[in-house]
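Letter by letter, the chains look like this.
There are 2 protein chains.
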Amino acid sequence: MKLATLKDGSRDGQLAVVSRDLTTAHFAAGIARSMRQLLDAWHFISPQLEDLYATLNGGKARHAFAFDPAQCMAPLPRAYQWADGSAYLNHVQLVRKARGAETPESFRLDPLMYQGGSDDFLGPRDGARFLDEAWGIDFESEVVVITGDVPMGSSPEAALEGIRLLMLANDVSLRNLIPAELAKGFGFFQSKPATAFSPVACTPDELGAAWQGGRVHLRLDSHWNGRSVGRCDAGPEMTFHFGELIAHLAKTRRVRAGSIVGSGTVSNQDWSHGWSCIAEARAIETIEQGAPKTEFMKFGDSIRIEMLGADGQSVFGAIDQQVLGPVDAT
Amino acid sequence: MKLATLKDGSRDGQLAVVSRDLTTAHFAAGIARSMRQLLDAWHFISPQLEDLYATLNGGKARHAFAFDPAQCMAPLPRAYQWADGSAYLNHVQLVRKARGAETPESFRLDPLMYQGGSDDFLGPRDGARFLDEAWGIDFESEVVVITGDVPMGSSPEAALEGIRLLMLANDVSLRNLIPAELAKGFGFFQSKPATAFSPVACTPDELGAAWQGGRVHLRLDSHWNGRSVGRCDAGPEMTFHFGELIAHLAKTRRVRAGSIVGSGTVSNQDWSHGWSCIAEARAIETIEQGAPKTEFMKFGDSIRIEMLGADGQSVFGAIDQQVLGPVDAT
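So the protein sequences, as listed, match chains U and E.
According to my numbering, the first sequence is numbered sequentially starting from 50.
According to my numbering, the second sequence is numbered sequentially starting from 50.
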């Protein structure tokens, strides 16, 4: 099942079911108003939406309309939790190596995760607005899941069962604010502005055989200003699968329905696959040439993040956003 | 106006207006179902609740009932953001001094804040459950605010205008998990389990002259296992006022309605006022005697956090919770 939240002027938008080929949609009205309502009562509501999804895919939904990603909010426009991992150890190693730091062996056993802000998410085509270009605007192409309730102390295997939906994310980072912020010791804060999400969220079964072992075995495409910069495989090199990330989160607390858990920047050891954030390009340049060359994003830049299925069709639709300055000059 | 959220089996509970003296309450049904709904449309809904509050205080509300803090969820049972500061620099200095670290001069200008989890808050009388006593269970008595929408780049003065409600919080920390977690560089994560909140949230006008310059000029009482351990003044020594904390948060992103922003552990330079978390007691012991003596909380321990107004009456009601082990043996 594929789901989207359409803009209607409200904070939570209106839930819609979207056809598998992303061409048509149908409001979920009468079943659930919002994604939050669905997640709060998943087992009751989702079967009804699955029925509507089957009808829509069969071309028989009476009030279907053309699906337009520009009308989308984030599938979950605001969430009670956004916990992002850094599950591709290759990314961590590259960034650390570029600044001359070893990667501790413990990083193979204990995932890096940070708590993000979740009050203000961006839709897939919303501009990302910043007050200062000099903050070092970077994109991060990621795969994320939305969970149901997961009990405290859950095993990674049990945590996998708590996954309700998958999406793509652009976990925007302000790279030039990070060093001073992390030096304070309390983690990311100002350096992590609003995150953007893909037009649709999919249930895991939509991925077929590509969803295996808590990982998505597909490539994640990143186009920066129209140029392909990354086509990294999100599957085999994900050091910690989503069940492990959720279990890490649930070690000391309950994880409640509607929590979003992210993979961190998708990264491959084979550099020919490119990169899913500019920081990684700069790390590779530093390692190869002694200094970074690629500059961070400028006002007016665009970033497109998409994942194609085995059939070549877009699974989640594309995040395709523009970086905007403090006064909208577009 | 004083507001509470009463348990009704749902995730968001039911909004109620509570009398100034905390003796009676009245459901807000017909005006707003939940605290979230109120915060989403504050300017429309709050005047109607103020009318009900006046009627309730006058003893003329027809369906008033006795107010029972044991029936309370957190006033906002789950939130889209929980951003906690460490605004009492004395606390930071003590903890750092105990481990032989200086406090950088920049800490006077740039507040320490971390992003907390906000999917699972505890009510004022809910037991706080932990899987392992050895994690070093500590309470932290704090003052917190709930905001409306605050634009990106707001000044501290403008941010102050965004404050809708005040509460008390017990920002539980797992002290023995913190050193390894902060060493990883991504901030608190497993070391910050569910936070608990006071029975009621108050509009700033309820504090009268005690609400001044973005600070609450009242003492915060902490009783651990019935013994008074802290009576710190929350006012003059708050290095960064709430407007400054919110502006810090809003530097790179919009802050959306229903965000909770915390003061961090309330702390005074005069040690005779006691302490608002065990870590600070242990820091003082280390500085005075070379080693910490006070142990962290045990299963079965209780913590009571309350603030009295100038009239000697409880402003927010008391957080009064028990620390529980993995299997409830109470």
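Because the hints were derived from the structure by calculation, they are not lab data.
Treat the hints with care, as some may be off.
[Unchecked claim] Using 20 Å as the maximum straight-line C-alpha spacing, the simulated SDA-like pairs for lysine to any residue come out as follows:
| hint | chain 1 | residue 1 | chain 2 | residue 2 |
| --- | --- | --- | --- | --- |
| 1 | U | K233 | E | T72 |
| 2 | U | K233 | E | L267 |
| 3 | E | K56 | E | T72 |
| 4 | U | K300 | E | Q239 |
| 5 | E | K300 | U | G234 |
| 6 | U | K233 | E | Q97 |
| 7 | U | K56 | U | A119 |
| 8 | U | K300 | E | P375 |
| 9 | U | K233 | E | I227 |
| 10 | E | K300 | U | A119 |
| 11 | E | K146 | E | D369 |
| 12 | E | K233 | U | R145 |
| 13 | U | K146 | U | P228 |
| 14 | U | K300 | E | K56 |
| 15 | U | K300 | E | Q120 |
Verification of the hints:
1. With a C-alpha separation of about 44 Å, the suggested pairing of U:K233 with E:T72 is violated against the 20 Å cut-off.
2. A C-alpha spacing of about 29 Å is found between U:K233 and E:L267, which places the hinted pair above 20 Å, so the restraint is violated.
3. Using a Cα cut-off of 20 Å, the hinted pair E:K56 and E:T72 holds, with the two alpha carbons roughly 17 Å apart.
4. The hinted pair formed by U:K300 and E:Q239 meets the criterion: a straight-line CA distance of about 7 Å does not exceed 20 Å.
5. For the hint pairing E:K300 with U:G234, the CA-to-CA distance comes to about 19 Å; that is within 20 Å, so the pair holds.
6. Straight-line distance between C-alpha atoms of U:K233 and E:Q97 comes to about 44 Å, which puts the hinted pair past the 20 Å bound.
7. Distance hint between U:K56 and U:A119 is fulfilled; the C-alpha atoms sit about 9 Å from each other, no more than 20 Å.
8. A hinted pair counts as satisfied when its Cα atoms are at most 20 Å apart, and U:K300 with E:P375 qualifies at roughly 12 Å.
9. Taking the CA atoms of U:K233 and E:I227, the gap is about 14 Å. The hint holds against a cut of 20 Å.
10. Annotation: proposed proximity of E:K300 to U:A119 is violated, straight-line Cα distance about 27 Å (limit 20 Å).
11. The suggested pairing of E:K146 with E:D369 is violated, with an alpha-carbon distance near 31 Å, which exceeds 20 Å.
12. The hinted pair formed by E:K233 and U:R145 meets the criterion: a straight-line CA distance of about 12 Å does not exceed 20 Å.
13. Distance hint between U:K146 and U:P228 is fulfilled; the C-alpha atoms sit about 15 Å from each other, no more than 20 Å.
14. As the CA atoms of U:K300 and E:K56 are separated by approximately 26 Å, the hinted pair breaks the 20 Å bound.
15. Taking the CA atoms of U:K300 and E:Q120, the gap is near 28 Å; set against the 20 Å cutoff, the hint is violated.
The structure does not agree with the numbered hints 1, 2, 6, 10, 11, 14 and 15 stated previously, though it agrees with the rest.
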